[in-house]
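Here the protein sequences come in this chain order: H, V and D.
Using the working numbering, the letters of the first sequence map in sequence onto residues 1 to 155.
Using the working numbering, the letters of the second sequence map in sequence onto residues 1 to 155.
Using the working numbering, the letters of the third sequence map in sequence onto residues 1 to 155.
If you're looking for bench data, these hints aren't it; they were derived computationally from the structure.
Do not rely on the hints blindly, as some may be mistaken.
For identical chains, the list gives no copy identity; a pair is met inside one copy or between any two copies.
Listed next, the in silico PhoX-like pairs over lysine-lysine satisfying Cα-Cα at most 25 Å (straight line) [stated by the list, open to error]:
{"#": "1", "residue 1": "61", "residue 2": "42"}
{"#": "2", "residue 1": "26", "residue 2": "150"}
{"#": "3", "residue 1": "42", "residue 2": "55"}
{"#": "4", "residue 1": "26", "residue 2": "151"}
{"#": "5", "residue 1": "55", "residue 2": "26"}
Predicted model, so just to flag it, every value in this text is computed and none were measured.
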Amino acid sequence: MVDLTQLMENEVFMAFASYAAIILLKMMFMSSATAFYRMTRKVFANPEDCTGFGKGEIAKKYLRTDDRVERIRRAHLNDIENIVPFLGIGILYTLSGPDVSTAVTHFRIFLGARIYHTIAYLTPLPQPNRALAFLVGYGVTLSMAYRLLKKILYL
Amino acid sequence: MVDLTQLMENEVFMAFASYAAIILLKMMFMSSATAFYRMTRKVFANPEDCTGFGKGEIAKKYLRTDDRVERIRRAHLNDIENIVPFLGIGILYTLSGPDVSTAVTHFRIFLGARIYHTIAYLTPLPQPNRALAFLVGYGVTLSMAYRLLKKILYL
Amino acid sequence: MVDLTQLMENEVFMAFASYAAIILLKMMFMSSATAFYRMTRKVFANPEDCTGFGKGEIAKKYLRTDDRVERIRRAHLNDIENIVPFLGIGILYTLSGPDVSTAVTHFRIFLGARIYHTIAYLTPLPQPNRALAFLVGYGVTLSMAYRLLKKILYL
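Isolated chain H (complex conformation) (with noise of 0.2 Å):
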């Protein structure tokens, strides 16, 4: 059987894991954030979620949408739209043989910038700190793609 581990001994793939990980746990905290305020704010998308707060017309009040929990929502779909390019595109720039400190610098940043992105967004906090934590995640997955893609680009 092979052994997988020596990929864990090479630095930038542990690197990439543990920043990989800690932004995914970042973004699953999101679902949690919007289930809390679902249940504290009483506020449900679906019939079925209301039963237990009233019966027939007194559940069906909770059906509606609420500033708070569209915010967390949006800044969750925003999460999504940016890891996924920067998890894609890490993953291969980690595998292409990167410089260590290079690297780790670029996933600091994003997480960073990501974390940043989060507290902007749910606080609020004025424009544009949210445009520039976004900026900064969105322009770190473009210098690690063009670094991946300067070195291996095979069409």
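Position chains V and D against the provided structure of chain H, taking the given hints into account.
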């Protein structure tokens, strides 16, 4: 040339590849279900999609939303929110060299939970069926992230 | 330390990395397009985004939806729904040691289909242009999943 097939001789990797492919096929099924209900119920989001069903004002009335279609779309989005972390954390966990039976147990429970989640969402089954299915899948991903980070954390 | 660059000497892997990076860059372009139309058309989802365009009631009127922006967002979400399965199944298919020309043909058709899908969605072109583009991309992913599972199924 490198013989990549050796990676596929690793049992955990083969198992992850199998479960990941099946869970993604399940997620792709949601696209088909949305298209099916849009066509049979004549519920569309784009003007150009309605032209086969009439002209001008007659076609425009099909630009509407429908409970059934919106329900599938919510189930689909929930899949994306949960399957993306599973895939990202799961492949890294797989490469960190876990015990075969522990890893396969994680994958099996996740697949079962997500299939049950889809059934609970689309039937719909009364709560807490869907909530529990969501939590089980969420817990599996958290467990893989914990095991991965405990072994390789490198920041 | 393990020399990861050997993975990048594998032709199928280099091809997958190239196509995956390009398709993700195309998907990231949708974020830029959304931001561009939100700014030029003054259509925002968050109160804090409008403050540069006036104060109080004047700013609030920019909290609205717009056909153009919603169309791009639907195209973006459709990208996510289709590109996530392509990436997940695609990398596993790549690692299962497929024939180079067969694999590259899959990647090329998928990239072409998704670019055409975006053009058909944003122009918009009359149906069935967009539907066919969607189906071709969907079929490529199904074909890779079938070839992968036929070779390595391990449950």
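Going through the hints against the structure:
For a Cα distance limit of 25 Å, the shortest separation of residue 61 from residue 42 inside one copy, 9 Å, qualifies, whereas the shortest one across copies, 28 Å, does not. Taking CA atoms no more than 25 Å apart as the test, residue 26 paired with residue 150 passes between copies only; the shortest distance there is 17 Å, against 31 Å inside one copy. In this homomeric assembly, residue 42 and residue 55 come within 25 Å of each other (Cα to Cα) only inside a single copy, at 14 Å, whereas the closest approach across copies is 32 Å. In this homomeric assembly, residue 26 and residue 151 come within 25 Å of each other (Cα to Cα) only across copies, at 19 Å, whereas the closest approach inside a single copy is 31 Å.
For the identical chains of this complex, residue 55 and residue 26 are neighbours neither inside a copy (36 Å) nor across copies (34 Å), given an alpha-carbon limit of 25 Å.
In the structure shown, a violation is registered for the earlier hint numbered 5 alone.
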